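Peer 1: These protein sequence lines are chains G and F, in that order.
Heads up, the first sequence stops at 194 in our numbering, and the numbers go up one at a time, no gaps.
Heads up, the second sequence stops at 180 in our numbering, and the numbers go up one at a time, no gaps.
These are computed hints drawn from the structure, not numbers from a lab.
Some clues are possibly wrong.
One-sided and incomplete, this derived list gives chain G residues near chain F with beta-carbon spacing under 7 Å [claimed, not checked]:
| hint | residue |
| --- | --- |
| 1 | V62 |
| 2 | V66 |
| 3 | I86 |
| 4 | R113 |
| 5 | K116 |
| 6 | G117 |
| 7 | A121 |
| 8 | A124 |
| 9 | A128 |
| 10 | V130 |
| 11 | A137 |
| 12 | I146 |
| 13 | Y167 |
| 14 | G175 |
| 15 | Y176 |
Taking lysine-lysine and the PhoX-like style, the derived pairs with C-alpha atoms no more than 20 Å apart in a straight line are [claimed, not checked]:
| hint | chain 1 | residue 1 | chain 2 | residue 2 |
| --- | --- | --- | --- | --- |
| 16 | G | K76 | G | K14 |
| 17 | F | K110 | G | K157 |
| 18 | F | K7 | G | K186 |
| 19 | G | K14 | G | K73 |
| 20 | F | K110 | G | K135 |
Ranges of calculated distance between the beta carbons of each label pair, as one might list FRET restraints [stated by the list, open to error]:
| hint | chain 1 | residue 1 | chain 2 | residue 2 | range |
| --- | --- | --- | --- | --- | --- |
| 21 | F | W10 | G | R37 | 51 to 61 Å |
| 22 | F | R162 | G | L75 | 35 to 45 Å |
| 23 | F | V179 | G | N185 | 51 to 61 Å |
| 24 | G | P109 | F | S142 | 39 to 49 Å |
| 25 | G | L75 | F | Y139 | 47 to 57 Å |
| 26 | G | I98 | F | M1 | 12 to 22 Å |
| 27 | G | A95 | F | N4 | 14 to 24 Å |
| 28 | F | S134 | G | D44 | 45 to 55 Å |
| 29 | F | S134 | G | K189 | 47 to 57 Å |
| 30 | G | N3 | F | R144 | 33 to 43 Å |
In this text, all values refer to a predicted model and were calculated from it rather than measured experimentally.
We put the beta carbon where it would ideally sit given N, CA and C, even for glycine.
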Amino acid sequence: MNNLYLQLFLTFCKIGAFTFGGGWAMISIIQREIVERHRWIELDEFLDLLAVAQSMPGILAVNISVVVGDRLKGLKGSICAALGTILPSFLMILAIAIFLTPDTIKNNPIVSRIFKGIRPAVVALIIAPVLTTAKAARINWKTVIIPVAVALLIYSKIPVISNPIIYIVLGAIGGYIYYMHDLMNKNRKEADDA
Amino acid sequence: MLDNYLKLIWAYLKIGLFGFGGGYAMLSLIQREVVDSGWITSQMFTDIVAISQMTPGPIGINSATYIGYVVTGSVWGSIVTTLTVVLPPFILTLIASHYIQRHKQSPFIKGAFMGLRPVVVGLIASAAMLLMNSENFGYLNSERIITIAICIASFCIVYFTRVHPILVIILAGITGLLVF
Numbered sequence: 001m002n003n004l005y006l007q008l009f010l011t012f013c014k015i016g017a018f019t020f021g022g023g024w025a026m027i028s029i030i031q032r033e034i035v036e037r038h039r040w041i042e043l044d045e046f047l048d049l050l051a052v053a054q055s056m057p058g059i060l061a062v063n064i065s066v067v068v069g070d071r072l073k074g075l076k077g078s079i080c081a082a083l084g085t086i087l088p089s090f091l092m093i094l095a096i097a098i099f100l101t102p103d104t105i106k107n108n109p110i111v112s113r114i115f116k117g118i119r120p121a122v123v124a125l126i127i128a129p130v131l132t133t134a135k136a137a138r139i140n141w142k143t144v145i146i147p148v149a150v151a152l153l154i155y156s157k158i159p160v161i162s163n164p165i166i167y168i169v170l171g172a173i174g175g176y177i178y179y180m181h182d183l184m185n186k187n188r189k190e191a192d193d194a
Numbered sequence: 001m002l003d004n005y006l007k008l009i010w011a012y013l014k015i016g017l018f019g020f021g022g023g024y025a026m027l028s029l030i031q032r033e034v035v036d037s038g039w040i041t042s043q044m045f046t047d048i049v050a051i052s053q054m055t056p057g058p059i060g061i062n063s064a065t066y067i068g069y070v071v072t073g074s075v076w077g078s079i080v081t082t083l084t085v086v087l088p089p090f091i092l093t094l095i096a097s098h099y100i101q102r103h104k105q106s107p108f109i110k111g112a113f114m115g116l117r118p119v120v121v122g123l124i125a126s127a128a129m130l131l132m133n134s135e136n137f138g139y140l141n142s143e144r145i146i147t148i149a150i151c152i153a154s155f156c157i158v159y160f161t162r163v164h165p166i167l168v169i170i171l172a173g174i175t176g177l178l179v180f
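Excised from the complex, chain G in its bound form (with noise of 0.2 Å):
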């Protein structure tokens, strides 16, 4: 158990294996991991790092073993940790697409009458995180308007609009543009003040 590749598969394995809920429920146990357990980066480092994987698109989960992985063993590192993370959620699907096909779930009655519950259900687990970013993201009556209005628009399905792509492109600009022009606001009153 010398070679830190193997290693590094092994332990991005054990933690795609083993979380449930993705990213954000995967953090603390590849803290654990990486910092508390095997010591291979510092904590201060990791947040850092952590910090790069959640500046990126795609998923977090597979963002942050990349980072690790790259900054222990570099590019082969990095596909180390990136494949470990992803082949035990991948091998799970691939068995769950064979054996429970969308024909299975509606020709066979147990399963389609408990997919008939489920399916509600599931509609809530999506609700419930609509409100909780929404107090994390300090939505007020003012900047209400944005999300309800994004939502709205893709949920309209008109071609084009109904594209959420569009809306990811113009929050980073809108938000880019906002940040730097209250930057540069208050560099004027400091300016002014002194």
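The hints should help you fit chain F onto chain G, whose structure is shown.
Peer 2: Just chain F now, kept in the frame of chain G:
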């Protein structure tokens, strides 16, 4: 055949490249690419979300693996789609980990994420709204009374208590088995 693979690659490239804000925010992108294109029904999409909640691993990977298999009927479809959703962020993250550390807290990333936060709320809301349909809640009023009750009860459990979402899905499944 090849056509299906190319379409899957194009769809999951977009999902990987624009997937900001975590799994739930990605749902609206995935939904647009795979439900609106007619590959799977809204009902199947909900089922995949449920399966992905009950199995470990990120939803972005789970949906890619499942849909890759369903669309092509082959393990290769799963492999190609899963690698596609991972590859662009992999390259970007690798580049970023070499450059961003040096100028941490770049104003572009700070500002961009400030702007993305309220958008993410809207993305998740749209995913939930698009799933509130007859396919998921039943066509008959007698069914809808039960499914809406399950939805409200599940929401209250998830939002107000610390009960794990997997347990909520299992309870809803048992309820479905007993009631329908």
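Peer 1: Would you mind marking each hint as holding or not holding in the structure?
Peer 2: Quick rundown of the hints versus the structure:
no.	hint	result
1	V62	holds, 6 Å
2	V66	holds, 5 Å
3	I86	holds, 6 Å
4	R113	holds, 4 Å
5	K116	holds, 5 Å
6	G117	holds, 2 Å
7	A121	holds, 3 Å
8	A124	holds, 4 Å
9	A128	holds, 5 Å
10	V130	holds, 5 Å
11	A137	holds, 4 Å
12	I146	holds, 4 Å
13	Y167	holds, 5 Å
14	G175	holds, 2 Å
15	Y176	holds, 4 Å
16	K76/G <-> K14/G	holds, 19 Å
17	K110/F <-> K157/G	violated, 31 Å
18	K7/F <-> K186/G	violated, 48 Å
19	K14/G <-> K73/G	holds, 19 Å
20	K110/F <-> K135/G	holds, 19 Å
21	W10/F <-> R37/G: 51 to 61 Å	violated, 40 Å
22	R162/F <-> L75/G: 35 to 45 Å	holds, 40 Å
23	V179/F <-> N185/G: 51 to 61 Å	holds, 59 Å
24	P109/G <-> S142/F: 39 to 49 Å	violated, 18 Å
25	L75/G <-> Y139/F: 47 to 57 Å	holds, 53 Å
26	I98/G <-> M1/F: 12 to 22 Å	holds, 19 Å
27	A95/G <-> N4/F: 14 to 24 Å	holds, 22 Å
28	S134/F <-> D44/G: 45 to 55 Å	holds, 52 Å
29	S134/F <-> K189/G: 47 to 57 Å	holds, 56 Å
30	N3/G <-> R144/F: 33 to 43 Å	violated, 57 Å
Of the numbered hints given earlier, the model fails hints 17, 18, 21, 24, 30; all others are met.
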